[in-house]
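Dock chains B, C and D with the ligands against the given chain A, drawing on the hints supplied.
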Amino acid sequence: MEPKINYRTDLWIDWCPGCGNYGILAAVLKALEELKLEPHKTAIVSGIGCSGKIAHYIKANGVHTLHGRAIPFAMGLKLANPELNVIVHGGDGDLLGIGAGHFVAMGRRNLDIVVIMHNNGVYGLTKGQASPTLPLYTKTKKLSHPNLQGQINPIMLALAAGYTFVARGYAFDGNHLKEIIKAAIQHKGSAFIDVLQPCVTFNDIYTAEFYKKVIYKLETETGWNPNVEDPKEADVKLLAALERAMVSDGRIPIGVFYSNPYASTFEERISQSLGRVYPNLHPSNSKIEEEGKNLFDEKTFEEMFKDFIVERIG
Amino acid sequence: MEPKINYRTDLWIDWCPGCGNYGILAAVLKALEELKLEPHKTAIVSGIGCSGKIAHYIKANGVHTLHGRAIPFAMGLKLANPELNVIVHGGDGDLLGIGAGHFVAMGRRNLDIVVIMHNNGVYGLTKGQASPTLPLYTKTKKLSHPNLQGQINPIMLALAAGYTFVARGYAFDGNHLKEIIKAAIQHKGSAFIDVLQPCVTFNDIYTAEFYKKVIYKLETETGWNPNVEDPKEADVKLLAALERAMVSDGRIPIGVFYSNPYASTFEERISQSLGRVYPNLHPSNSKIEEEGKNLFDEKTFEEMFKDFIVERIG
Amino acid sequence: MKEINVVIGGPQGSGIETSMSILSKISAGKGYWILAEREYYSNIVGRHSYIIARISSERQPRSLTLPVQILAAVDAETIFTHYNDIENGVVIYNKIDEKVRLDKIPSMEDLLKLRIMNELKGLGIDPSVSGLMEFMKRERGVEPLPIDFAQILGKLSESYRLDPRQLSRYVSTIVVSAITTLLGLDEGSMKIALSSHFRDREEIVEQNFAVFREVSKLLSEKRGILKLEEPKNTSKKMLVLTGNEAVAIGKIIGGLRYQSYYPITPAADESEILEKFGLQEVQGKIFGPILVMQTEDEISAIASAIGASLSGARSSTATSGPGFDLMVEAISWAGMNEVPVVITFYQRGGPSTGLPTRGGQSDLMAAIFSGHGEFARVVLASGDHEEAMYDAADAFNIAERFQVPVIHLLDKFLANTTASIPIPKLDEFKVDRGIRYKGTGDYKRFDLSSQISPRAFIGERGAFIWYTGDEHDERGHISEETENRIRMYNKRMEKIKLIEEEVPSWRKLNLTGSTSPDFIIIGWGSVKGVALEALEKIEARTGFKGTYANLRMLWPFPRKELKEITSKLAPEKIIVAEHSYGANIASLMATDIKVDEVASIVKYTGRPMMLKEFVEALELILSGKTSRVVLKDGA
Amino acid sequence: MKEINVVIGGPQGSGIETSMSILSKISAGKGYWILAEREYYSNIVGRHSYIIARISSERQPRSLTLPVQILAAVDAETIFTHYNDIENGVVIYNKIDEKVRLDKIPSMEDLLKLRIMNELKGLGIDPSVSGLMEFMKRERGVEPLPIDFAQILGKLSESYRLDPRQLSRYVSTIVVSAITTLLGLDEGSMKIALSSHFRDREEIVEQNFAVFREVSKLLSEKRGILKLEEPKNTSKKMLVLTGNEAVAIGKIIGGLRYQSYYPITPAADESEILEKFGLQEVQGKIFGPILVMQTEDEISAIASAIGASLSGARSSTATSGPGFDLMVEAISWAGMNEVPVVITFYQRGGPSTGLPTRGGQSDLMAAIFSGHGEFARVVLASGDHEEAMYDAADAFNIAERFQVPVIHLLDKFLANTTASIPIPKLDEFKVDRGIRYKGTGDYKRFDLSSQISPRAFIGERGAFIWYTGDEHDERGHISEETENRIRMYNKRMEKIKLIEEEVPSWRKLNLTGSTSPDFIIIGWGSVKGVALEALEKIEARTGFKGTYANLRMLWPFPRKELKEITSKLAPEKIIVAEHSYGANIASLMATDIKVDEVASIVKYTGRPMMLKEFVEALELILSGKTSRVVLKDGA
Ligand SMILES: Cc1ncc(C[n+]2csc(CCOP(=O)(O)OP(=O)(O)O)c2C)c(N)n1
Ligand SMILES: Cc1ncc(C[n+]2csc(CCOP(=O)(O)OP(=O)(O)O)c2C)c(N)n1
Ligand code: SF4
Ligand code: SF4
Ligand SMILES: [Mg+2]
Ligand SMILES: [Mg+2]
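Order-wise, the sequence lines are chains A, B, C and D.
Read in order, the letters of the first sequence are residues 1 to 314 in the numbering used here.
Read in order, the letters of the second sequence are residues 1 to 314 in the numbering used here.
Read in order, the letters of the third sequence are residues 1 to 635 in the numbering used here.
Read in order, the letters of the fourth sequence are residues 1 to 635 in the numbering used here.
Since the hints were made in silico from the structure, they are not lab data.
List of simulated lysine-lysine pairs, BS3-like, C-alpha gap at most 27 Å: (1) C:LYS497 / D:LYS573; (2) A:LYS142 / A:LYS212; (3) C:LYS430 / B:LYS293; (4) A:LYS306 / D:LYS285; (5) D:LYS438 / A:LYS287; (6) A:LYS232 / B:LYS213.
Excised from the complex, chain A in its bound form (with noise of 0.2 Å):
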């Protein structure tokens, strides 16, 4: 047997005591361990707040970027080198709020990364502001008026926007967690997992004793697959997905909403504009010089920039 990778780094981790991000590390560890993923192959790319943390946890690759920008940061890891296993955390704040044009673009592309958004309902860091994710007329603790804004409900919107892969975890159910964070990095396309997350400095509202009383299973029910297994099938589970999103019961499902592995990657795409060199051969393994020189030539350059030169007639 192979020794198990350790993915934990050494840092005392500062946030507070029973929040719930302990458990989201704890699953993202579990899976990066059980997928077995090359350390110096994964990325997390993470946003700022509480949760953007996380990345000086894991022993892997961490960037920690600015507030709402880990999409575009990583996108761009991810498209110089494909060969990385990129994992985007971010606050609710941070993804649906400052970063939601991002949070959209990405699911247009259906790039093949993971977005794991810490859901607590407020800005942690910043001591406990509404955040996207609250409902309309919620007063946490910190909150003077009740909350004006109404909520985003983060898996119609990430349904809405093009992800292909949609689920909903809870941060204390770390087994169901993981399994699902490991579906989605497997997943070939843009995958989002929106992470209940209790706060229990700020958020006296979404508690875990709260949760516990309204969390259920998706896969429990009978019939639910949220699986499209042929191509013809997928606006209809889109449609089942958004009608699931919407329910407002007082219930709150977690597990799979939607997975869709028939729509084209990006990579795909470009690899495909690209004469299929893409991604074996891309941004940050193809040569640019040789021995410190340009590749460039006279010959090369000139056929290279033809349009540009003009010869003399005469």
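Coordinates of chains B, C and D with the ligands only, in the frame set by chain A:
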């Protein structure tokens, strides 16, 4: 009979001959005229693009803002003076590319403004690059390769984001579009209209000829009723709208997809939290000075800021 | 004693802020002046945080200083972290922590731990709290004051039948109680401070008061060993507030009606305070409404504030570096469209996320030069709470009078510093709305017939108004014609001259100190307090007389006014002080003095400049030993 | 004649660009040098646009100048707009336009119309094309050359059975044909130019050639009346390209692998050109892939470019002012994380949307100072096509060698100017990837043991890499400890000195002209051409010898190098030239010279500086009549 108000400035219009924007402008002018909106209480807030120039062609107040930012400019204006009728015009690149984050945020607020999207599938004013509504693999004439990015479905995105009035119009069906615009203005809450707009210069696929063949009207369908007539219906109607928005049979429906007058508007929520003085008393009509002096004498200051005052105890 | 300096430390979330609030209220209630700053990690619970405070019977302290005379430690980490920050004083700590060893503290940064471990090794000290306390007693004249926290809390729990998990909330009260006992402050003032802090929650007040009594009893022998002299303060009331609060109050007085923000440290608190003042009825009159809008990002914050301003509402937004960066495109739009809008900019440690909960002054150049293209803007800076309050209000006047965006530069130090200040005299404060359009009919928003075109508001009858970020004609319609371009461009740019001429010089620059100084310190913002006190110290110590030039308007840069002063001195007697690496203000002065030859005192650890280190730096410079000192004090 | 200057004007969308391309190709094919700039409104179809070109038999023209000798007008608006731009030459125009009256041209800006109307009134001219032509013939030595466009197109339509709606496409060919006929250029070269422009579409080539023949026949009497001398050019091949194309080629040579962009004028063309080079097989070798990514906004453009850079790919983005503003937060992140990334920044008329399709140099301060906090960056500027190509390639070397973001400043003038330049010698061009990590195991991305830490790439075996915008330790983990803070901060900031020392002085600053000059012009970017030619003219005219200092590295500012030159001259003999209001480069020089006393030549209409006006301005300054001239030429 009252004289008709002339809402057209005397500026020369510099859109390309045959551009769909002419149709949109005509429909807006007619809608304003029929609703007899007072020009000084009306503000056209536009983004940057061919579409953005419309603010100058309408004789009301016009704010031609930044690329992608028309919605937040409009939000501030509307919140500060809720007596205004605020209409946002943006391109598809403007609203769903660079401005997608604001587009989503507006939906969850349900602020009472109208967003009209000039959907031409391209970035017009920068000479024809693919916009976020151009379908995958489409190759309009300016593109050197087929479009590799998937398409955003504006109707689905608006519905997912929470707009309470969502419709599609066609630039060259003026009467139909005008009626939609009127309904949107009269709607209480955030309204979104996706207007199919042929760009004769750069989009040689989605042309007037093309649209003529594929467009049909939702309201001509028996049984189609997008109006939420009882708050309890909201989810069902929303799902029906989503379903309709997804259909990909080659035909394109125009008309109202969803209209829900029961959701509280952002103004109402503010009013509620500010003791109902708002919107009557609002930021731009409330007093801030008295003959050049501030409103705070010693007494009011001390009462207002009593929490910060420490009295000597001996 | 005339003054006492205190550090109270413990993990984030352990109630350090409460200690600060209560201590400030007791002190002010007894007539003492206080200045207290809060230092903390970018973390919610667990990392080390502390308050550094100075309480005086003489006058309002303007700066903080090390070493302190009281170190109150909620945990062992505090003792290790701050053992160098106290001399000849008392260390209050939890008895149980005595056994804690340095290498067993997980929440401490490895780098810091290593550094202290090496220091202790060098000094031959056993790296445990007890070892350290022994050393401090022996070598630093420090008196250890261990308190058995568990015992006190146990009693409390018994008396009030409290859930043991809730007990940690009372730790901060133990600490404050110990301090007030040492200071010899009476029960009565403690009670009032607790009531004021916990407002209406009588039970909690009572419980905390019980803690106080218990501590007080326990330390009865030490009562008053650090007693302050009778306060010289004669005023009956004081304002006790943070910089964030001062700015919020200033904005309300200035007529703010729309504030937008996206949460960011250390700006968010200001908006949250404003939220509480959304609508007020006072003395039968309605004040407001003030709309406070949490937007989806900073772009929306500034864009919506500009939008609100177009309707005539006084509007502003508040942010720090990362958020400001996102705003600059829209600020350029405001410049082009001559929109009055206020951007309150709290600097923190940069670049990028940097030290997000620490202070700095490294955003000066970004505030002045960010935003593409050329346009007029005003950049203000405030040196203390009183200035901050005034400037926050006055920023709207400047913005509306000159129709420009105004950037008000503050920093984390001020934001998170509590000070006791006199209640401001407000009768003098004018509201200047600038030139308003009074006509009807053919309105031209960008009328070229005067340098400042009369403003009409969107929504006003009789005026059609167009705005565009494109170059425009007088009506606000796009124009690319060259003569109009030049006239409009000139109109906008010549505002800079107008502002230079019309803003009074006291608003640009304040001088304090000798009228024929041997040297001058030039600074802005939070440098003021430490510089002013350092002037006194240095004069007492060396006889050198200095002047402090407090720059309050940084752009347009008050060249003329500053030149009058600097021209009288040799460049090496001009000392620039700034929380930055580059002493960047110097480069704005470059036109008139040889920057290379100017001396500088800089700090960029994100911690405030301390009086002692500042004075020492001054001495080094004035004695010709160096021309640049980098300050480093503070954990 | 040694050279000829031409304006070709007409509405946007009428094929003016085609005229420019064909004219350039014919000229270069015949061995003439050409420089041609394109001016247009922010509009797709209908507004006035024009090409201003200079064709020379002597040498590569470096600047444009007015008046011209040929004005080719596709419409009446062109004639009214440019009647002051021509003297002693030929006006080619559509006969049918003779009847058009000024007030009947809807596409013309009211402000411009009014201005011209007043001028014509003042001159007593009937405001119609025929009235104006009469005046120009009489007073300006201009020969009218009316051509019946309809007749030519009618014939074409007949011969090739073309749809009448398509005929307007051939108008640009009529115009070029008329010009080449006047210049006496032969049929053969026209044919080759057409084939090259229309590439493979034989039918279209043939039809256009038919137009040429027809025009040529019609104007047979005028053939060669403006004949150029035999070209002195001896090279067999020339590169004929725009600035956008030069930059794109430079990037490809420099090893670009990831380019991100969000469409914006005048940067987008560069990315569209690069897209065509995504993957190339040349001489049996594969070049690329170059990924060109159209992102959802500029924030994503810069963020993804940084992300790509972390994997080791040379990456860049291209934008102009509004987009740059949105990028600065991430540039600050790149500064903090020592990421090599190139931002190609094409300046246009600001502020805000400004004059989005016109040129300017008003973004200098934003390029240098935007982005909160302090960090090292490099700002380069290029003076012409050759420099632009070289700098675009070399920017990557500088970025990787010093591990800093590099901002490459260009402008709309260069972007949209076609020039004929020699084929570059590339053997000399080195690719310097900076210090790479070669070890295994315990990698520290921010190793403090050397000024520049060796770089490993994400994805490389054996290295774990962490990045964060927070202050960090050597491994890239967050740290708020003060000693580490100072060391990391110093490491980043001291790069500025390193760059100052290690970048060779020719890369910072080039001097051309007299070695003991009477005066010096200091400029950067597009000022180069006009300044160099003005030096010659002024010397010929007045005997004053000047030198031009072409600043190619604007940050770190080459103070030392510049001081060596300026210190030898009285301030009033130092002339700063810039497309701005503020002559902002002067404020960067402020440290060493008295900026107030420096003279300046500025322009901010968004149109290029013309040689003639520039020379006149120089004369005014050198004769002591003024110290500031604002240039205004060009429609
Ligand atoms: C541009 C910018 N704006 C604001 C901030 C301040 N900020 C830091 S963390 C945070 C909120 C984080 O909330 P969320 O994304 O939900 O993450 P959480 O802390 O809840 O995990 C914000 C707004 C920032 N760092 N950058
Ligand atoms: C921040 C910023 N980025 C880019 C641009 C350049 N720009 C001007 S118009 C435009 C595209 C417009 O496309 P769309 O929004 O679809 O409007 P359309 O012209 O098609 O009506 C862009 C990208 C800009 N003005 N500002
Ligand atoms: S504040 Fe909330 S989200 Fe952040 S670490 Fe604490 S519990 Fe977790
Ligand atoms: S480019 Fe397209 S969208 Fe723009 S004006 Fe022309 S036709 Fe209309
Ligand atoms: Mg959150
Ligand atoms: Mg568009």
